Amino acid sequence: MSGQGGADQGYRIVSILISGLLVYGGLGWLLDRWLGTSWFMPIGLVLGVALGVYLVVVKFGRSQ
Amino acid sequence: MIPLLIPMEGESHWPPGVDSFDSRPLFPELGPDYYWLNNHLAQAVIGAILVIVFWLWVARNQKVVPGKKQFLGEYLYNLLRNSIARDILGHDYRKYLPYLVGLFSFILVNNLFGEFFLFMFPTFSKIGYAYGLALCTFILYNAAGIRKYGFGNYMKRMTLPAGVPLGLAWLIIPLEFISNFIARPFTLALRLFANLFAGHLVIMVFVVGGGMLLTMTEPANGFPVPLLNAAGAVSFIFSFAIFALELLVGALQAYIFTVLTAQYVSSAIAEEH
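Chains as they are written, first to last, in our numbering: chain A, 389 to 452; chain B, 8 to 280.
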């Protein structure tokens with residue numbers, strides 16, 4: 389697909405993983421602040437990492 | 008010698024910090040309304056003019072058998088065309104090539120400003136300039152995608168990759184949206200800005216600090232003068248290694264920014280695979 393030695397794909401994958409953490413971790417943090425709880429953020433972080441990994445597999449896993 | 012190398016630095020500016028990156032208005036006597044007309048804006052404009060003049064100069068008087076000038080121009084152009092545009096964008100790379108060539112040379116020239124006299128300041132260590140470039144790329148890849156697929160179809164393609172079951176879609180859509188429309192331009196800008204900011208700060212510490220140590224005339228912190236001066240000399244010598252590193256970083260960041268721009272355009276207009 390590309391002849392860049394994979395560096396550009398690597399950047400895209402890293403940005404997907406990070407945005408998974410940020411989006412769902414951030415959502416959990418907001419919920420925690422709003423409801424005064426403290427367990428939404430850890431759940432959000434785990435969910436975000438899992439979804440990020442899943443998304444990487446879906447987008448890049450089978451194009452090789 | 009030190010004020011010549013880094014015009015903004017004086018004895019009062021030690022240690023170098025964020026305020027060493029402040030712009031100076033070119034015409035302070037005109038009042039705050041014209042403060043936007045500052046030295047860094049001028050250097051960005053000069054960078055743009057240099058890029059335009061360079062490409063016009065090498066493109067003029069083209070001959071079948073290239074001379075030295077034309078060879079240089081064609082070599083640089085081919086490098087960008089073959090190793091970035093054609094590799095990543097495939098068969099319709101031609102439309103995006105002018106932007107990619109302009110982008111690469113503009114970033115490269117502005118990064119090299121950080122290592123050469125006259126400016127001694129990389130323009131993109133001011134984050135606003137990096138945001139501006141990222142905004143151009145953001146508009147380009149979204150416009151390319153919307154023109155090819157239409158707005159609704161494009162948004163669907165960019166937020167829901169093929170192969171995701173519907174049950175997971177509501178979790179994936181916000182994630183893809185943030186990743187493609189917010190994380191992309193910000194990481195693009197921050198990567199460029201942070202690399203140049205950090206590099207320039209290190210250079211200032213080495214050069215300004217080395218200069219201070221070299222000109223010490225009385226003991227400080229219990230260290231004798233000869234030791235301080237020797238440390239200053241060593242710091243100056245090592246600053247050349249840092250300069251070389253910064254040349255590499257500047258070129259590398261220009262390359263990465265261009266490659267990622269091409270990559271984003273390519274993913275916006277990609278066929279299903």
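The hints are simulated quantities; they were obtained by calculation from the structure and are not laboratory data. In this text, all values refer to a predicted model and were calculated from it rather than measured experimentally. One should not assume that every hint holds.
[To be verified] Some, not all, of what chain A presents toward chain B, calculated at C-beta under 8 Å:
(1) D396
(2) S403
(3) L409
(4) V411
(5) V441
[Said to hold, decoys possible] Derived coverage of chain B by chain A (criterion: at least 3 residues anywhere in the stretch with Cβ under 8 Å from a Cβ of chain A; other residues may be distant):
(6) 29-36
(7) 131-137
(8) 241-252
[To be verified] No more than 30 Å apart at the CA atoms, straight line, and that leaves these computed lysine-lysine pairs for BS3-like:
(9) K447(A) / K155(B)
(10) K447(A) / K102(B)
(11) K102(B) / K75(B)
(12) K447(A) / K163(B)
(13) K102(B) / K163(B)
(14) K102(B) / K76(B)
(15) K102(B) / K70(B)
(16) K75(B) / K155(B)
The C-beta atom is built at its ideal place from N, Cα and C for all residues, glycine as well.
Which numbered hints fail
3, 5, 6, 7, 8, 16
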